[in-house]
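Student: Sequence:
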Amino acid sequence: MAVRRNHHALVAPGPQGRPRCPGQRWALARPARRCEGGHETPHVRGELQVIISIVGAGNMARAIGTRVLSGGHSLRLHDRNPGKAEGLATSLSEAVSGADVQASDAEGAAAADVVVLALPYPAGREVAASLGAALSGKVVVDISNPVDFSTFDSLVVPPGTSAAEEIAAVVPDARLVKAFNTTFAGPLASGEVAGRPLDVFIAGDDDAAREAVASVVTSAGLRPLDVGPLRRARELEAFQFLHMASQERLGLGWSSGIAILP
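According to the working numbering, numbering within the sequence shown proceeds without interruption in unit steps and concludes at 262.
Since the hints were made in silico from the structure, they are not lab data. Computed from a predicted model, the values in this text were never measured in an experiment. Do not rely on the hints blindly, as some may be mistaken.
[What the hints assert, rightly or not] Estimated spans, in silico, between C-beta atoms of each pair:
(1) Gly253 <-> Asp148: 21 to 27 Å
(2) Asn81 <-> Ser255: 36 to 42 Å
(3) Gly195 <-> Pro158: 15 to 21 Å
(4) Ser97 <-> Ala194: 24 to 30 Å
(5) Asp148 <-> Ser255: 19 to 25 Å
(6) Pro262 <-> Gly228: 19 to 25 Å
(7) Arg196 <-> Val227: 15 to 21 Å
(8) Gly221 <-> Pro172: 32 to 38 Å
(9) Glu248 <-> Gly58: 30 to 36 Å
(10) Gly221 <-> Gly253: 33 to 39 Å
(11) Asp105 <-> Asp226: 31 to 37 Å
(12) Asp153 <-> Val227: 42 to 48 Å
We put the beta carbon where it would ideally sit given N, CA and C, even for glycine.
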């Protein structure tokens, strides 16, 4: 198990994202302890053990996995093709010294502290629905952009919603967060564009879940930008659609990033 010291402790989540214990802080750590009222909360003092799973084994899974491991976290990889997950696990373990990474089945992936759906839309929604109750209470990250890839000229979600909100609807007890959708795999793997750490926009309705993802992003050497509730995913997905559609016209070669200055 990879063990790291994390200075970005977060508020412990309770129902609807409220703190379980007044003044208590949280950073996705084990083992659990009990506070007044009998609620279980993660122990946060000292060194932390954070397990992150990635569902999918494509370019974005590789890039996110690289950053996660660079932050010292443990990584579990799951794909409907087990061979792809095993191959990616081997590749990442060779690329990142001391990495704790292994392929996992669906049950193991859902048991992680943070579950990243590194899948296109609507595949991410379908996988989330199949995991169902196993994701209850989990921080689940959607990275998708619901682009109509047959025309590359529109989004496939109805007006007034987003891929993230559609996924949240099928796993209502999960703590859904939108993140990493404005990054391309190449720059994300390296962690920067033009010598500047990538900005990662984060949206979600659960305050503690957003903070948990922000902590992971920070540990990975990136800059988290909390843009508020999950409905902001609508703008993030539209913004990235413009970013994607402009690559050829602007000659960017899928090596650009979206940043807020300064």
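Student: The structure should be examined with respect to each hint, and the outcome stated for every one.
Tutor: We went through each hint and held it up to the structure:
1. In this structure the hint that Gly253 and Asp148 lie 21 to 27 Å apart at CB holds, the actual value being about 22 Å.
2. Between Asn81 and Ser255 the CB atoms are about 28 Å apart, so this pair departs from the stated range of 36 to 42 Å.
3. Range check, Gly195 to Pro158: about 40 Å between beta-carbon atoms, so the 15 to 21 Å window is missed.
4. With their beta carbons about 27 Å apart, Ser97 and Ala194 fall inside the hinted range of 24 to 30 Å.
5. For the pair Asp148 and Ser255, the supplied restraint of 19 to 25 Å holds, since their beta-carbon distance comes to about 24 Å.
6. At roughly 21 Å, the beta carbons of Pro262 and Gly228 sit within the given window of 19 to 25 Å.
7. In this structure the supplied range 15 to 21 Å holds for Arg196 paired with Val227, their Cβ-Cβ distance being about 19 Å.
8. Gly221 and Pro172 have their C-beta atoms about 33 Å apart, which keeps the hinted 32 to 38 Å range intact.
9. Between Glu248 and Gly58 the C-beta distance comes to about 21 Å, which lies outside the given range of 30 to 36 Å.
10. Here the CB-CB span from Gly221 to Gly253 is close to 23 Å, at odds with the stated 33 to 39 Å.
11. A hinted range of 31 to 37 Å holds for the C-beta pair Asp105 and Asp226, which are about 33 Å apart.
12. The hint said 42 to 48 Å for the Cβ distance between Asp153 and Val227, and at roughly 26 Å that hint is violated.
Violated hints, in rising order: 2, 3, 9, 10, 12; the structure is consistent with all others.
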